[in-house]
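Novice: Here is how the chains run, residue by residue.
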Amino acid sequence: DTLSYASGWPPSARVTPVFEKYADTIEERTNGDLSMKIYPLSLLNFLEANEGVKNGIADLATMLTPYFAAEYPRMNMLSEASSVMALEGNESSVPAIAYAGMMTELVMLDCPSCQDEVKRQNQVSLGVAMTPPYLMACMTEITSAEELKGKRVRAGGAFWSRWVEAMEAVPVSLSINETFEALEQGVLDCSLGTAPDLDNFSLNEVVKHVYLGAPSGMFPFPTNMNLNRWQGLSEEQRAVMLDASAELIAGLAWEYHLTGQQALEDVVSGGNELTEVSDDLRAKSRAFLQSDLDALAGAYKANFGMEGGDELVQKISALAPRWIELVEDVNGPDELAEILKREIFSKVDAKTYGM
Amino acid sequence: MKFLANGLTLLEKLASFAGMACVVLMMIHVTADVAGRSFFGHPVPGTITVVSSFYMVALSFIPLAVAERLNAHISVDIIFERLPAWMKRALVSLNYLFVTTVLAFATVRTWQVAVDKTNIGAAIQQGTAMVPVWQSYWLLPVGLGLMALLCVTKLGLSLVNPDALLDEQGPKTENIYE
Amino acid sequence: MSDVAIGLSGLGILFVLIALRFHIGFVLIGVSFFGLWLLRGWGLAWGSLGLIPYQFTANWVLSSIPMFLFLGYISYYTNLTAGLFSAARVWTSALPGGLAIASIFGSAGFAAVSGSSLACSAAMGRIAVPEMIKHKYHPELATGTVAVAGTIGALIPPSIILILYGVIAQVSVSDLFLGGTAVGIMTMVGYVLVVFLRVKLNPSLAPMRDETMTFAERVYHLKDTWPILLVMLGIFGGLFGGIFTPTEAGAVGASLACLIALLRGDMTLERFSDAARDTMTATGSLIIIAVGASLLTRFLVLSGAGDYLSEAIIAFGANPVLLMACVILVYLVLGMFLEPIGSMLLTLPIILPVIDDAGWSLLWFGVVLTKLLEIGMITPPVGMNVFVIKGVVGKLVSVGAIFRGVAWFIVFDLLLVVLISIFPGMVEFLPALLK
Ligand code: NA
Ligand code: NA
Numbered sequence: 001d002t003l004s005y006a007s008g009w010p011p012s013a014r015v016t017p018v019f020e021k022y023a024d025t026i027e028e029r030t031n032g033d034l035s036m037k038i039y040p041l042s043l044l045n046f047l048e049a050n051e052g053v054k055n056g057i058a059d060l061a062t063m064l065t066p067y068f069a070a071e072y073p074r075m076n077m078l079s080e081a082s083s084v085m086a087l088e089g090n091e092s093s094v095p096a097i098a099y100a101g102m103m104t105e106l107v108m109l110d111c112p113s114c115q116d117e118v119k120r121q122n123q124v125s126l127g128v129a130m131t132p133p134y135l136m137a138c139m140t141e142i143t144s145a146e147e148l149k150g151k152r153v154r155a156g157g158a159f160w161s162r163w164v165e166a167m168e169a170v171p172v173s174l175s176i177n178e179t180f181e182a183l184e185q186g187v188l189d190c191s192l193g194t195a196p197d198l199d200n201f202s203l204n205e206v207v208k209h210v211y212l213g214a215p216s217g218m219f220p221f222p223t224n225m226n227l228n229r230w231q232g233l234s235e236e237q238r239a240v241m242l243d244a245s246a247e248l249i250a251g252l253a254w255e256y257h258l259t260g261q262q263a264l265e266d267v268v269s270g271g272n273e274l275t276e277v278s279d280d281l282r283a284k285s286r287a288f289l290q291s292d293l294d295a296l297a298g299a300y301k302a303n304f305g306m307e308g309g310d311e312l313v314q315k316i317s318a319l320a321p322r323w324i325e326l327v328e329d330v331n332g333p334d335e336l337a338e339i340l341k342r343e344i345f346s347k348v349d350a351k352t353y354g355m
Numbered sequence: 001m002k003f004l005a006n007g008l009t010l011l012e013k014l015a016s017f018a019g020m021a022c023v024v025l026m027m028i029h030v031t032a033d034v035a036g037r038s039f040f041g042h043p044v045p046g047t048i049t050v051v052s053s054f055y056m057v058a059l060s061f062i063p064l065a066v067a068e069r070l071n072a073h074i075s076v077d078i079i080f081e082r083l084p085a086w087m088k089r090a091l092v093s094l095n096y097l098f099v100t101t102v103l104a105f106a107t108v109r110t111w112q113v114a115v116d117k118t119n120i121g122a123a124i125q126q127g128t129a130m131v132p133v134w135q136s137y138w139l140l141p142v143g144l145g146l147m148a149l150l151c152v153t154k155l156g157l158s159l160v161n162p163d164a165l166l167d168e169q170g171p172k173t174e175n176i177y178e
Numbered sequence: 001m002s003d004v005a006i007g008l009s010g011l012g013i014l015f016v017l018i019a020l021r022f023h024i025g026f027v028l029i030g031v032s033f034f035g036l037w038l039l040r041g042w043g044l045a046w047g048s049l050g051l052i053p054y055q056f057t058a059n060w061v062l063s064s065i066p067m068f069l070f071l072g073y074i075s076y077y078t079n080l081t082a083g084l085f086s087a088a089r090v091w092t093s094a095l096p097g098g099l100a101i102a103s104i105f106g107s108a109g110f111a112a113v114s115g116s117s118l119a120c121s122a123a124m125g126r127i128a129v130p131e132m133i134k135h136k137y138h139p140e141l142a143t144g145t146v147a148v149a150g151t152i153g154a155l156i157p158p159s160i161i162l163i164l165y166g167v168i169a170q171v172s173v174s175d176l177f178l179g180g181t182a183v184g185i186m187t188m189v190g191y192v193l194v195v196f197l198r199v200k201l202n203p204s205l206a207p208m209r210d211e212t213m214t215f216a217e218r219v220y221h222l223k224d225t226w227p228i229l230l231v232m233l234g235i236f237g238g239l240f241g242g243i244f245t246p247t248e249a250g251a252v253g254a255s256l257a258c259l260i261a262l263l264r265g266d267m268t269l270e271r272f273s274d275a276a277r278d279t280m281t282a283t284g285s286l287i288i289i290a291v292g293a294s295l296l297t298r299f300l301v302l303s304g305a306g307d308y309l310s311e312a313i314i315a316f317g318a319n320p321v322l323l324m325a326c327v328i329l330v331y332l333v334l335g336m337f338l339e340p341i342g343s344m345l346l347t348l349p350i351i352l353p354v355i356d357d358a359g360w361s362l363l364w365f366g367v368v369l370t371k372l373l374e375i376g377m378i379t380p381p382v383g384m385n386v387f388v389i390k391g392v393v394g395k396l397v398s399v400g401a402i403f404r405g406v407a408w409f410i411v412f413d414l415l416l417v418v419l420i421s422i423f424p425g426m427v428e429f430l431p432a433l434l435k
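Residue numbers (the working numbering), protein chains in the order written: chain A, 1 to 355; chain B, 1 to 178; chain C, 1 to 435.
Think of the hints as simulated: they come from the structure by calculation, not from any bench.
C-beta atoms are modelled at their ideal positions from N, C-alpha and C, and glycine is treated no differently.
Careful: at least some of the hints might be erroneous.
As the list claims (entries may be wrong) - Anything over 12 Å on all C-beta distances counts as not near chain A; from chain B, calculated: (1) L25; (2) F40; (3) K88; (4) K117; (5) L159; (6) P162.
Unchecked claim - Simulated DEER-style distance windows between Cβ atoms: (7) I176(A) <-> N119(B): 27 to 35 Å; (8) I79(B) <-> D307(C): 23 to 31 Å; (9) P381(C) <-> H42(B): 49 to 57 Å; (10) G298(A) <-> P132(B): 15 to 23 Å; (11) P11(A) <-> Q112(B): 29 to 37 Å; (12) V333(C) <-> L4(B): 39 to 47 Å.
I would like the entire structure built from these sequences, with the hints used as guidance.
Specialist: Listed below in structure tokens is the structure:
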């Protein structure tokens, strides 16, 4: 039996080998009973992924849930709550890796309503990876909160659009593929994105100033599997899938972490400025993050009729201290996979999960 | 029969008008967004979503029947021209049978999708605005279904009066793209 | 039957149905749908049919296609470009074959507002061919020049082919446009040289006109070129001045063209609605083929037939020269019969992995591909540009005569393709320069 994994990244992307390794691992540990073919961008793109897995065009895919606002309100609210990491002012060097653990733990072990949400899409969640926190990449120097006012800033999601508005700047919606040109030609002053995006979309070839510490917030990229396919596997096969998925999530999160670090080093070696945002901007940003977090559950209830948001925000916030400590000294994907297995995946029952 | 034909013509006219309106609206909407962003610091909210989910989808599917009426759908004449008349007649009917079948499947399927999207109230978040897009899914079964109706009548015509559709080659209007 | 065999049979049936004048777009959708059904069962085929048509079309970058089409149609119906040809003819009057050369410059100018090569041929054919016939130009030269000059329309931006290629191959449309500009200008210069040479060798082809004009008179004739220059200035100024993105340029350009036509009094409700109607039907008939090609890609990927064919081509063309010769030959043969967008969409799923595997630049290939597809527009037996000119001149010139007139230029085109294959830098220097 062969599973198909549709990745929305092109074959040349740095995460492609991580998927290939996932496929090899599954084949090895099932002694060839179950194999997997990876389709990098040839079968489904990110926008097609949800319907594609729902209908079984692919068996698994990376699901950028913010693209499907009506379908995944819980997943999206939880990822928007990632601002807690910045608010905790945590000293961990890897807040995104901690948050991947927090999201995965909550979704897989402690959130029946999240499970239902994914099930309604005829899917089952096999864990959530997170991008590094969002930063601000600019063509002009922004040395104070005042200087950001009125600037045209690309914001790729609802959370960051709210942030731009709170900073009294102009949020601009553009597709990420156009961002390079828009910055170069001056359509945009700044773009909000992750450090790996600087590399993936060549933005570090054009921006002059990169600011860390704001807006923060992370983008989720969970792996989901078609429910019928999942339920059709044997219990042993599901156990192998769960085990391998821990390694997949760890591999993806770690690869993004490395790509991000490299991109930031490239900014510096390219002769451009890499610095923290000014103190007044950070304060203004933190004030927004706090008020946004407080209003989050209410907003999701108003927009999507979603109940129980407050409880979920509390639950995920409560996980932060433990996970920050867990991942603080991690220095490789294998170590991270061990932690994810110990804390989460070993507690998932292959007999009942998603059945 | 006459009544049905008139009804179909009316629907095609409506489709034609809707499609042309989309072209003009798309131009105005995008231009307004550019002007608002560059000169007034206020882009028109939701432009990308409205343009891609509504104007583009409408422009792709609503004019299908109009293009069929104008014989503007792209096909290759090269071998067809050299075939004996009886084969040409058979091929014209077969083409419409094939196209109608494909359209029937596509109409039913996209109808189902539209029902699903309506039930969950599909929406796309652009900026801080939620733009509902479930309505746009109905444009597919409408456009595909209208062309299916037209192709059924053409299939019927090709069986009753085989020569009527034989000489339809290429567009009747000046069709100058590519 | 193995999966690959199903895939290859599907492709075979596809080509037969297309050859028998079935609607291309619906053949692509139908064959892919039934193929997926056979291959992976009803659920997957039914799911794909529900997913791909909407997801492919609801695309922001693709929205530049109707807008650039509209810009071209508005310019065409309101005669925005007429002044360009009359200015060019005044300035080239001293050259052998001056009118033919002027029509090439006119086409290149029109190319800057039109996304398609047919539009270019039609617009310039209407203006320039009667003028050349009046001045006793040989009909083969007159019609042939305008038919080939139209192909510049798909190279110089905007270009529908390059936009679609960029969306599918994930290459920056701006970079493609810059590469296309370089090759478009080379094509323009080359065509001028071909005309020059032919008339030098055989002056009876194009009798000299006895129009002696002072410099001041020549400058005076530039006055009617402002509408198109203003549109071009608006588009390029806006792009490089940070006002809008390439995707938005079509809509802003079309607004500008409407405004100028309105100010000049050339805009009537009829012309406006004609332009809108043509834009609509052109978009509809174009996108349905692209939707079909998108479904075909899934069918080829899942059946493994795409990989199979790509690997066969790679194995056959182990030597890069042989591989490139193979690619050129395939597109010349396809171009004889098929229309360019159909043959591009049909072949990209197979050819892109080959290009990637050979380590060639996808940017470079996009431009070479456009050039090859455009050669198909002027080769017999199906040469759409030639047919459009035939439509303009009526009974005056036979289709065969126009094809004869085109032949000289095709020799140059092939030479240029070989050159840019040997020196890819000729395509890539402009995008690299402006980075
Ligand atoms: Na052009
Ligand atoms: Na041809």
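Novice: Which numbered conditions among the earlier hints are violated in the structure presented, ordered from lowest to highest?
Specialist: 2, 4
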